[in-house]
Amino acid sequence: MATTTVKPETLVGKKVRRREDPRLITGTATYLDDIKLPGMYHACVVRSPYGAARIKSVNIKPALELPGVAAIFTGDDVKDLPSVPCVAQLPGLRMPHHHMLAQDRVYFVGHPIAVVVARDRYLAADAADAVEVEYEELPAVADPEKALAPGSPAVHPQWPDNTAFTFHQEGGHIEEAFREADVIVKQRITSQRLIPMAMETRGVVADWHAAEKSLTLYSSSQAPHLLRSLLAGIFGIPENRLRVVAPEVGGGFGSKIDIYAEDMLMTFVTQRLNKPVKWVESRRENFLGTIHGRGHVDYYELAAKRDGTMLGLKLKIIQDLGAYLQLLTPAIPTLSVLMMPGLYKFKHISADVIGAFTNCFPTDAYRGAGRPEATHGIERMVDILAAELKMDPAELRLKNFPAPEEFPFPTATGLAYDSGNYALPLKTALAEVEYDKLREEQKQGRQTGKLLGIGMSAYGEICAFGPSPATPTGGWESATVKIEPSGKVTILTGASPHGQGEETTFAQIAADELGVNIDDIVVYHGDTQLVQYGIGTFGSRGTAIGGAALYYALQELKEKIKKFGATLLEANQVSLSGGACIDEKSGKSVSFAEIAAAAYRALKLPPNTQPGLVATHFWEPPNFTFPFGAHVVITEVDRETGEIAIRRYVAVDDCGKIINPLLVAGQVHGGVAQGLGQALWEQAVYDDNGQLLTGELTDYAVPRAHMMPWIEASHTVTPSPVNPLGVKGVGEAGTIGCSPAVVNSVVDALSHLGVRHLDMPLTPEKIWRIVQAGGQA
Amino acid sequence: MKISGEYLLPVSRDDAYTILQDPAMLARAIPGCETLEKIADNEYHMKMKMVLASMSGLFDGKVRIADPNPVSQFRLIVDGAGKIGFMKGDGLLTLTPADGGTNVHYDGSVEVGGTIAGVGQRLLDTTAKMLIKRFFTKLNTEVAGSAASSGKG
Numbered sequence: 028m029a030t031t032t033v034k035p036e037t038l039v040g041k042k043v044r045r046r047e048d049p050r051l052i053t054g055t056a057t058y059l060d061d062i063k064l065p066g067m068y069h070a071c072v073v074r075s076p077y078g079a080a081r082i083k084s085v086n087i088k089p090a091l092e093l094p095g096v097a098a099i100f101t102g103d104d105v106k107d108l109p110s111v112p113c114v115a116q117l118p119g120l121r122m123p124h125h126h127m128l129a130q131d132r133v134y135f136v137g138h139p140i141a142v143v144v145a146r147d148r149y150l151a152a153d154a155a156d157a158v159e160v161e162y163e164e165l166p167a168v169a170d171p172e173k174a175l176a177p178g179s180p181a182v183h184p185q186w187p188d189n190t191a192f193t194f195h196q197e198g199g200h201i202e203e204a205f206r207e208a209d210v211i212v213k214q215r216i217t218s219q220r221l222i223p224m225a226m227e228t229r230g231v232v233a234d235w236h237a238a239e240k241s242l243t244l245y246s247s248s249q250a251p252h253l254l255r256s257l258l259a260g261i262f263g264i265p266e267n268r269l270r271v272v273a274p275e276v277g278g279g280f281g282s283k284i285d286i287y288a289e290d291m292l293m294t295f296v297t298q299r300l301n302k303p304v305k306w307v308e309s310r311r312e313n314f315l316g317t318i319h320g321r322g323h324v325d326y327y328e329l330a331a332k333r334d335g336t337m338l339g340l341k342l343k344i345i346q347d348l349g350a351y352l353q354l355l356t357p358a359i360p361t362l363s364v365l366m367m368p369g370l371y372k373f374k375h376i377s378a379d380v381i382g383a384f385t386n387c388f389p390t391d392a393y394r395g396a397g398r399p400e401a402t403h404g405i406e407r408m409v410d411i412l413a414a415e416l417k418m419d420p421a422e423l424r425l426k427n428f429p430a431p432e433e434f435p436f437p438t439a440t441g442l443a444y445d446s447g448n449y450a451l452p453l454k455t456a457l458a459e460v461e462y463d464k465l466r467e468e469q470k471q472g473r474q475t476g477k478l479l480g481i482g483m484s485a486y487g488e489i490c491a492f493g494p495s496p497a498t499p500t501g502g503w504e505s506a507t508v509k510i511e512p513s514g515k516v517t518i519l520t521g522a523s524p525h526g527q528g529e530e531t532t533f534a535q536i537a538a539d540e541l542g543v544n545i546d547d548i549v550v551y552h553g554d555t556q557l558v559q560y561g562i563g564t565f566g567s568r569g570t571a572i573g574g575a576a577l578y579y580a581l582q583e584l585k586e587k588i589k590k591f592g593a594t595l596l597e598a599n600q601v602s603l604s605g606g607a608c609i610d611e612k613s614g615k616s617v618s619f620a621e622i623a624a625a626a627y628r629a630l631k632l633p634p635n636t637q638p639g640l641v642a643t644h645f646w647e648p649p650n651f652t653f654p655f656g657a658h659v660v661i662t663e664v665d666r667e668t669g670e671i672a673i674r675r676y677v678a679v680d681d682c683g684k685i686i687n688p689l690l691v692a693g694q695v696h697g698g699v700a701q702g703l704g705q706a707l708w709e710q711a712v713y714d715d716n717g718q719l720l721t722g723e724l725t726d727y728a729v730p731r732a733h734m735m736p737w738i739e740a741s742h743t744v745t746p747s748p749v750n751p752l753g754v755k756g757v758g759e760a761g762t763i764g765c766s767p768a769v770v771n772s773v774v775d776a777l778s779h780l781g782v783r784h785l786d787m788p789l790t791p792e793k794i795w796r797i798v799q800a801g802g803q804a
Numbered sequence: 003m004k005i006s007g008e009y010l011l012p013v014s015r016d017d018a019y020t021i022l023q024d025p026a027m028l029a030r031a032i033p034g035c036e037t038l039e040k041i042a043d044n045e046y047h048m049k050m051k052m053v054l055a056s057m058s059g060l061f062d063g064k065v066r067i068a069d070p071n072p073v074s075q076f077r078l079i080v081d082g083a084g085k086i087g088f089m090k091g092d093g094l095l096t097l098t099p100a101d102g103g104t105n106v107h108y109d110g111s112v113e114v115g116g117t118i119a120g121v122g123q124r125l126l127d128t129t130a131k132m133l134i135k136r137f138f139t140k141l142n143t144e145v146a147g148s149a150a151s152s153g154k155g
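Respectively, the protein sequence lines represent chains A and B. Reminder that position 459 of the first sequence reads as 486 in this note's numbering, one-by-one numbering, no gaps. Reminder that position 38 of the second sequence reads as 40 in this note's numbering, one-by-one numbering, no gaps.
Take the hints with a grain of salt, since some may be wrong.
As the list claims (entries may be wrong) - Once the Cα atoms are required to be at most 30 Å apart in a straight line, the calculated BS3-like pairs of lysine-lysine come out as:
#, chain 1, residue 1, chain 2, residue 2
1, B, K4, A, K793
2, A, K213, A, K470
3, B, K4, A, K88
4, A, K106, B, K85
5, A, K477, A, K332
6, B, K64, A, K83
7, B, K135, B, K49
Calculated directly from the structure, the hints in this document are not laboratory data.
Please model the entire structure based on the sequences and the hints provided.
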C-alpha cells in the first residue's frame, strides 16, 4: 500500500512551481476542443452582417440539401425558450428578451440567426454559408453618447431613449463639498471598449442522454455550477441530472463567467437530435460574440482645498451596454461607483450611471470589471488636480490617504476598506525609481526637447466577491477535503480556476496544514458531478474565499485526525505536526497514513466519531478584501514618431499574504500586459453603422511579448483581517494599477506643452499629432 | 468611406456615356465580374468575386443606373451581399470633354459590412482605388480593342 510521505518544510509563501504546467506545456491537457464523443455532430452559427436590420426571410433549404447536414434551427424553433440570462438587478432595469437566435430583428453584427448542425465542422461551415437571409437594414447607433441623444435610432424600438437604467448613489453632502472648495477640476475621461481575448476561445459540447433524461455539458466556463443552475432553469432539466464540466480553460478574464446563447443552443440541439454536438468559437466569432469590456464615458468633477485636501467627487458614467444584457452587464458600472474614491479620504461623493443600449455586443466583466475604469478616472483626476494646484502628484496623494491606524476605513460609498498602508507602496516605488533625480532629469531634458514622463497610480480595488448580500449569485465558496484510506489527500474546490494555479496554491495550503508532502495532494475542480456546489473564479476571489473555505475544511479534518490519533496512541490529547500525531506526554507518535488507514478500517473509533476522513466547508466572507498598491512608470515619447517607450515599470502591489510568489508575479505580469494593452494599443472600434472594424488580431492590437517592458514587481504585505489566510487577491491588480500610471506618465511628459489629459489608447498617431501641434489635442 | 477620382477615356463623350452603360462592356471591365444581366431598364443583376485582405467571396447583387443626364452625368448604385458580408456603393459619374477623349470624374461612397468590414477595413480604401483603376484600365483596353476592330472592319 502506498504511504503518505512526511514533509519537512512549510510551502506557503514559497516559489512552488505550478503543478498544472507539465500537462499544459506538453500539449497533453484536455481543452474543450479536445473533447470528442462518439457520433458527435458539429455546429456552426449563422450570424448577422448588420448592426441593425429587420429579418425579411431566412431560407434554409439550400443549406439543408448539402452533404452531411443533420439539421438547421432558426429563431422560430427557439422562440418560446427563456432569455439568455442576466442575473444583475437594478431598480427599473429594462431587460430585453435576449433570444438565443434572432427573431424578427438583429441588434448587432454577429447576432446569431441560425445554427447549422452537420457531420463535421467544415460541412457545417459550408452549409452555414448557404443559408439565405434577406435583411432590411435599419439605422444603427454604436456610440453610447450618441445613443442617448434625442432622435437617435432606437436599439430596441420599445425604448426610444436607449436607456436601460439610471442609477444614483451619494454619500455625505456633495453640494457642501463643492461650496467649501477652493478648486474644482473637471474632465471627461473615457475607458474604451476592449476585447477580453482569452487565448482559448469559447466552446461547448452538449451530450443528451435520452434514456436517463440527463445532460452532460462541457463548456469553457469560469463558473460551471452557475452555468448548471441557469441551464437547469432555462430547459427544465433537474439539476441532479445536469452535469457541467469545465475542462482545461485557457483564460477567461471575466468573459467566461457569462452564460452565452451558444451554451443554450447546444443544449437545445442535443436534445432535439439525441446526439452529442460540439460548437467551438472561431477567433473572429470571439470578437463578435463574446463579451467586451469597459465602454465608459465618464464625467468627473473633483472639489478640493487649495492645500490639496480632497473634499468631494462627482461622477457621471455613461456605460455602453451593447444591445443586450449579459450575465452581469448592468452591475459592472456600479462597481466603478463603489471604488470611485480610490484610496483617498473623500467625505462626499455623488455618482450617476446611465446604461445606454447600443447596436454592439454587450459589455460585461473584463479583468478588473468596473474598478479599472474607476481607478483610471480618480488617478487621472488627482494628477489633473495636482497640475491645477501646481503640487507634486506624489505629495498630493500622500496627503489624502487614510493612515494605517484608520482601518477599517469607512468610505463615502459605504464600504469598509479592510486594512492598508497606502503610503508604503507609493513611497517604495518612488524610491525605487529615484523620483527626485528623475524630476531633475526631466527638467534638464525639456531644454533639449526630450520628452520624459514620470507617472504614478496609487490604486485600490475591491476583491473577493463577496459577502452574499452584495452579490447576485451568492458570494461564498466551498471546499471538500478527503483523506483517502492510503493517506493521500483529495481536495475539491468550488472555485473552478482557469489559469489561476489553484492546483498548486491550494495544495500548498493543505500541505502545510496537514503536514504532508504536496505530491500526495491532488486538487480537483470544474466538474459539477464531482465537486460540491461552488460559485466560481472571478473578481480575485479564488484564494481569498475558496482558499479560506479550504482552510476551514482542513481545520475540521485536523480535529478528527487528532481524535483518531489520540485513540491510536491511547492518549488524552495529541498534537498534529509534520504529518504525524504526537502524544507530548509519552513522546509516541502515529503517522498520518496509519491514522488514515485506521479511520477507514474503523476497528476502534474515537468517542462520538464516525469512520472516514472527509470534511466539507462552505465559507461566507464577512467583507470584501481591498488590495492596493502603486505603479510608477517612466516613459520617453519620441517626438518624430509619437511612439512611447517605457523606460521603467515599477509595480509595488499589496495583496496581503502571498501563498506563492511565482503565481503572484505571473498575475501581476499578465495584469500589466492587459493594462498596457488598454493604455497604449487596444480598442474595439464600431463604426456608425455598428460594424466592428477591429474584427481580428491584425486590427486589434493585443500586446505581444516584444512590446512588454521589464516589470520590476515587488510587494508590501498588509494581511487582510477578512479571512484566516490574510490574503487579499491579485488577479486584477496589475490591470487596475497599470493604465492610469502609463497615461499619467505620458501626460506628464507632454504637460509642459499644455497637455492636461489624453484618452486611451495612446497610439503613436495620436501622440504624434499632439506633439506636432505643440500640445493641442 | 468616400471615394473620388478621375480617369481619361480616349473616346468622345457620347461614346464614353454609351460604353459606361453597356452591360457587355461593363461585365468585361469590372474586376471579378462573373455575370451581368439586365433585369429591368437601367437595372442589372451582377455576380462578382471580390478579394480583400485575407478573404475572398462571391457577391450577388444589383447594379442600378439612376438620374441619367445624357451625356454628361449619371449615378451608379451597387448593392451586393455574399458569404463574407455586404457592400454598397453609390457614385456620381460626370463626363466632360477633354484633350484626347473624355474625362470621367467619379465621386461617391462605399459601405461594407459583416466579416469584410471586421477584417478588411484597413485595406478597403486601397482596394477600392485599385479596383476602380483596374476597371478603367480594362475599359480603356476594351475601347481600344473595339476601336481597332471596328477600324479594320
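- Message: Please list, smallest to largest, the hint numbers that this structure does not respect.
- Response: Of the numbered hints given earlier, those the structure breaks are 3 and 5, listed in rising order.
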